[in-house]
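K.L.:
Could you build all of it, start to finish, from the sequences and the hints given here?
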Amino acid sequence: MPQDPAATLSALLRASSIQDHDEVLKAADAAIKANKDDVASQHTRIVALLKLDRFDDALRAIDAGGTKLNALCVLEQAYALYKTGKLEDATVVLKASGLGKRSLSHVAAQVAYRSERFDDSRAIYSRLLDAADDADTEENDLSINVRAASAQSEWLGYSFLSPPPIQDSDGFEVCYNTACACIARGSFDVAANLLQRAIRLCDASDDLTQEDKEAEMRPILAQQAYVHARTGKLKESLEIYKSLADAEDDDPDLTVIAQNNLLAMEPTTENPYLLERKFAKLADHSKTSKLFNHQSNILRRNNLVVSLQASKASGVKSRTAALIDQAEHPTTAADISILSVLNAAASAEGTTGKELIQELEALAKKRPNDIGLALTIVQIQLSNGNTGSARYTLESFLARLEKVETPRAQDARFSPGLVALVVAMNQAQDRESCAKAELVKAAAYWQTRPTSSASSLLEAAGIELMKSSNPEDLQLAGATFQKLLGEQQDSDIATAGLVASLAASNPSAAQHHLSKLPPVEALIEGVDVTALLEAGVVTVAKPVQTNKRSAPQDTSDKSNKRRRKIRLPKNYVPGTKPDPERWLPLRDRSSYRPKGKKGKKKAGETQGGIVKEEETLGLVGGGGVKVEKAPPSSSKKKKKGKK
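Residues in the sequence shown are numbered consecutively from 1, following the UniProt record's numbering.
I should point out that these hints are in silico values taken from the structure, not numbers from a laboratory.
Note that this is a predicted model, so its numbers are computed, not measured.
Any given hint might turn out to be false.
[What the hints assert, rightly or not] In silico lysine to aspartate or glutamate, EDC-like type, Cα no more than 20 Å apart, as pairs:
no.: 1; residue 1: K233; residue 2: D189
no.: 2; residue 1: K278; residue 2: E266
no.: 3; residue 1: K281; residue 2: D246
no.: 4; residue 1: K51; residue 2: D29
no.: 5; residue 1: K577; residue 2: D528
no.: 6; residue 1: K441; residue 2: E395
no.: 7; residue 1: K68; residue 2: D53
no.: 8; residue 1: K366; residue 2: E355
no.: 9; residue 1: K83; residue 2: E116
no.: 10; residue 1: K312; residue 2: E359
no.: 11; residue 1: K290; residue 2: E116
no.: 12; residue 1: K287; residue 2: D251
no.: 13; residue 1: K242; residue 2: D253
no.: 14; residue 1: K516; residue 2: D492
[Unchecked claim] DEER-style ranges, computed between Cβ atoms:
no.: 15; residue 1: S115; residue 2: Q447; range: 22 to 30 Å
no.: 16; residue 1: S468; residue 2: V92; range: 47 to 55 Å
no.: 17; residue 1: G85; residue 2: L234; range: 35 to 43 Å
no.: 18; residue 1: E361; residue 2: R301; range: 22 to 30 Å
no.: 19; residue 1: E361; residue 2: R185; range: 33 to 41 Å
Even glycine gets a Cβ: it sits at the ideal position worked out from N, Cα and C.
P.N.:
As structure tokens, then:
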């Protein structure tokens with residue numbers, strides 16, 4: 001009697017350990033062949049396909065299994081979609097099912113991470129870490145993933161709370177991820193120490209083979225080379241990058257990044273056409289890698305810059321214009337703004353001065369809401385010293401954005417970067433009231449919107465409003481810090497600002513938040529107060545602007561300028577009075593006498609010329625002056641003669 005396929009599959013699954021997933025797949029296929037409605041066998045077959053990395057086959061099996069199998073295989077479907085790069089579909093599946101199970105939360109965090117929604121990924125991992133038991137073995141992995149998401153958020157410019165400090169028991173992965181976050185913040189000295197510690201911990205690990213150690217060491221060395229480059233140690237950085245670029249690595253992402261950085265750091269004496277060919281080859285390799293968008297954008301930007309150096313402005317212009325047209329404007333995306341700058345450089349084709357500004361202004365009329373192009377014009381005007389023109393250009397652009405009544409346009413208008421530029425330009429021209437008005441408008445705008453990307457702006461606006469004695473400004477400052485505290489509950493800046501803004505109007509509410517602030521003793525620990533008092537406070541007086549010219553400095557100690565010696569005529573007799581008519585032409589002087597008989601006759605007659613009549617005009621205060629009398633104007637017009 002033949003053995004039941006379902007019983008064979010059950011016996012196989014009850015084994016202590018299953019290493020041969022092909023055997024499980026064959027048994028599941030046999031069970032399904034005997035009974036097509038066996039959902040358990042179908043589920044087992046899908047898991048076996050996932051174990052064998054046959055993700056497309058697993059998705060086809062789930063789609064063909066019907067509604068009951070789809071409801072049973074939510075985790076498997078989401079994981080297969082994640083592994084095949086269909087992140088949007090995976091997000092839809094996870095949202096529909098919810099994150100009630102811990103396994104679904106893990107997949108959702110990974111999907112959010114690969115989708116570059118690092119804030120969502122960090123939040124999910126933090127919830128999993130808080131709910132983990134002390135005996136849970138995944139606590140270390142969750143801690144590593146939380147720091148990885150935080151580091152990626154730092155690279156995108158999001159301001160999150162600092163991760164907990166490094167402990168002695170932390171592994172090299174935690175040190176590496178924390179170092180990456182420090183690099184994104186610009187703390188290269190701290191990052192260098194953490195990377196060196198990660199190298200030591202990785203090399204001393206007993207859980208890794210020598211091959212695994214080398215694989216884990218490569219990304220650490222890549223970050224170390226980047227830190228060396230940013231701190232001026234170019235020789236050490238080039239040596240590491242060359243070793244990484246030449247090594248045979250199974251990680252194509254790391255190879256592409258190392259080769260890009262190596263080409264960017266090499267001396268620029270190479271033929272630009274050969275350099276362009278190398279970057280084009282690198283761009284082809286990047287198509288098979290799984291880089292994040294901000295990494296792919298850097299590769300594309302470098303490729304376009306090299307093409308400009310190779311005198312291929314027309315190609316760069318067409319490529320960037322096509323990418324810019326695909327984007328929805330206005331946008332604050334950094335990659336689109338960089339494309340606008342490169343498009344402006346290619347369109348200008350080497351023009352300078354006024355011609356460059358005219359060329360870009362004509363281009364701005366075609367793309368009136370292009371932030372990158374507008375900032376390019378402002379930057380050129382500032383570089384030329386035309387501060388007034390730059391401010392007018394920026395204010396005109398912001399006025400255009402305010403007229404576009406869409407959420408995207410308004411978010412761009414009050415984006416932290418544009419607001420910071422307006423405030424900085426006004427403060428540079430001592431227009432403090434205009435700078436404050438801009439911050440007040442921005443703070444009022446972000447009161448009713450998520451502040452994940454505008455927290456730094458709200459902090460600056462709240463601090464500026466705190467300097468005012470106006471109750472309305474203090475109330476707006478309190479609302480600003482209250483909103484920040486609602487989204488960042490452990491923010492000391494938001495807590496301190498809220499306490500300061502409520503101290504005068506609502507002391508009881510301020511007292512509630514006062515306990516969350518660190519004590520004064522902890523803040524001044526290690527500070528020599530006596531030495532500070534003895535040193536005094538340096539004050540710099542602001543220059544007073546006046547319309548009058550400043551008084552000349554005392555130049556008595558300087559050598560006197562040698563004056564030119566006055567030269568007198570040869571026939572000059574000292575003591576004689578100079579002729580008052582010496583500046584008039586010879587014929588106009590009263591002493592002029594024509595030579596010859598005819599000349600004497602002309603002197604007494606008019607010779608048919610008009611006799612100049614004179615009249616005396618009285619002056620205010622007495623006296624008069626002789627002027628030539630104007631001839632009477634004829635009121636009758638001459639008639640035209642017949643032709």
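K.L.:
Need the status of pair K242, D253: alpha-carbon distance at most 20 Å?
P.N.:
Roughly 16 Å separates the two Cα atoms, so the pair holds.
K.L.:
Take the C-alpha atoms of K278 and E266, compute the straight-line distance between them, and say whether it is at most 20 Å.
P.N.:
Distance ~12 Å between K278 and E266 Cα, so the pair holds.
K.L.:
Can you let me know if the beta-carbon spacing of E361 and R185 is within 33 to 41 Å?
P.N.:
Given about 37 Å between the Cβ atoms, the range holds.
K.L.:
Please work out if K51 and D29 have their alpha carbons no farther apart than 20 Å.
P.N.:
holds, 15 Å
K.L.:
Are S468 and V92 spaced within 47 to 55 Å by their CB atoms?
P.N.:
holds, 48 Å
K.L.:
Need the status of pair K516, D492: alpha-carbon distance at most 20 Å?
P.N.:
At roughly 8 Å apart (the allowed maximum being 20 Å), D492 and K516 satisfy the hint.
K.L.:
Verify the proposed pairing of K281 with D246, using a straight-line Cα cut of 20 Å.
P.N.:
Given that 20 Å is the threshold and the Cα spacing comes to 16 Å, the pair holds.
K.L.:
Holds or violated: are the alpha carbons of K290 and E116 at most 20 Å from each other?
P.N.:
Roughly 12 Å separates the two Cα atoms, so the pair holds.
K.L.:
So if I understand the rule, the pair passes when the alpha-carbon distance is 20 Å or less; does K577 with D528 pass?
P.N.:
violated, 82 Å
K.L.:
Does E395 sit within 20 Å of K441, going by the straight-line distance between their CA atoms?
P.N.:
The given pair, whose Cα atoms are some 14 Å apart, holds under the 20 Å limit.
K.L.:
Is K366 within 20 Å of E355, Cα to Cα?
P.N.:
Answer holds: K366 to E355 is near 17 Å, not above 20 Å.
K.L.:
Would the pair K83 and E116 pass a check requiring their Cα atoms to be no farther apart than 20 Å?
P.N.:
The hint holds at about 15 Å.
Hints 5, 7 from the earlier list are contradicted by this structure; the remaining hints agree with it.
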